[in-house]
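Take the sequences, apply the hints, and build the full model.
With UniProt numbering applied, the sequence shown corresponds to residues 1 to 98, in that order.
Treat the hints with care, since some could be wrong.
Claimed, not checked - Within a straight-line C-alpha distance of at most 25 Å, the following computed SDA-like cross-link-like pairs (lysine to any residue) qualify:
#, residue 1, residue 2
1, K61, D12
2, K57, G37
3, K61, Y10
4, K11, R44
5, K61, T24
6, K15, V41
7, K61, L21
8, K15, W53
9, K15, I63
10, K11, R55
11, K4, V42
12, K30, H67
13, K4, E43
14, K57, D14
15, K4, Y71
Hints listed in this document are in silico derivations from the structure and should not be mistaken for laboratory results. Since the model is a prediction, treat every value here as computed from it, not as a measurement.
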Amino acid sequence: MMSKASQVCYKDGDKFWLCNLLCTKGQSPKFQSPWEGPYTVVERVSSVTYWIWGRRKALPKVIHVNHLWQYHGPGQHTWEDSEEQSPTTDEDQTEDPG
1 MMSKASQVCY KDGDKFWLCN LLCTKGQSPK FQSPWEGPYT VVERVSSVTY
51 WIWGRRKALP KVIHVNHLWQ YHGPGQHTWE DSEEQSPTTD EDQTEDPG
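Quick look at the structure:
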């Protein structure tokens, strides 16, 4: 029988987003992110469950692997990088016909 759980193996210390489908009262679910975190894997409990820890004062939680999405960290691009490589405009690309 085939399992519906993701077939992945994470190491202690890996970072993840946690799927949270609870909505904040008074806000539309359409404008809320279903992911919170990042959380850190503390220990592998079984092939599909992990102890994860997220906040300083919070206790670790046991979470199924299908509720985790790997965190890749902040992007390499910053506003300073994008300003240095400013896009060309149509005026810059037109040549003088005369």
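For this session: Take the C-alpha atoms of K11 and R44, compute the straight-line distance between them, and say whether it is at most 25 Å.
Result: Measuring from Cα to Cα gives roughly 8 Å; hence the hint holds.
For this session: Would you mind confirming whether the straight-line C-alpha gap from K61 to L21 stays at or under 25 Å?
Result: holds (16 Å)
Problem set entry | K15 paired with W53 [C-alpha distance capped at 25 Å] | holds (10 Å)
For this session: Assess, step by step, whether the Cα of K4 is no farther than 25 Å from the Cα of E43, and give holds or violated.
Result: holds (22 Å)
Problem set entry | Agreement of K4 and V42 with the hint, judged by alpha carbon distance not exceeding 25 Å | Between K4 and V42 the Cα gap is close to 24 Å, so the pair holds against 25 Å.
For this session: Measure nothing beyond the straight line between the CA atoms of K15 and I63; if it is 25 Å or shorter, mark the hint as holding.
Result: holds (13 Å)
Exercise. Is K57 within 25 Å of D14, Cα to Cα?
Worked result: Within the cut-off at roughly 19 Å; holds.
Exercise. Do the alpha carbons of K61 and T24 lie within 25 Å of each other, as the hint requires?
Worked result: holds (21 Å)
Exercise. CA of K61 to CA of D12, is that 25 Å or under?
Worked result: Holds. K61 to D12 sits at ~14 Å (cutoff 25 Å).
Exercise. Keeping to a limit of 25 Å between CA atoms, is the pair of K61 and Y10 held or broken?
Worked result: holds (16 Å)
Exercise. Hey, K57 versus G37, does the alpha-carbon distance stay inside 25 Å?
Worked result: Given pair K57, G37 holds - Cα atoms ~14 Å apart, limit 25 Å.
Exercise. If you draw a straight line from the CA of K30 to the CA of H67, is it 25 Å or shorter?
Worked result: holds (19 Å)
Consistency note: the structure conflicts with none of the earlier hints.
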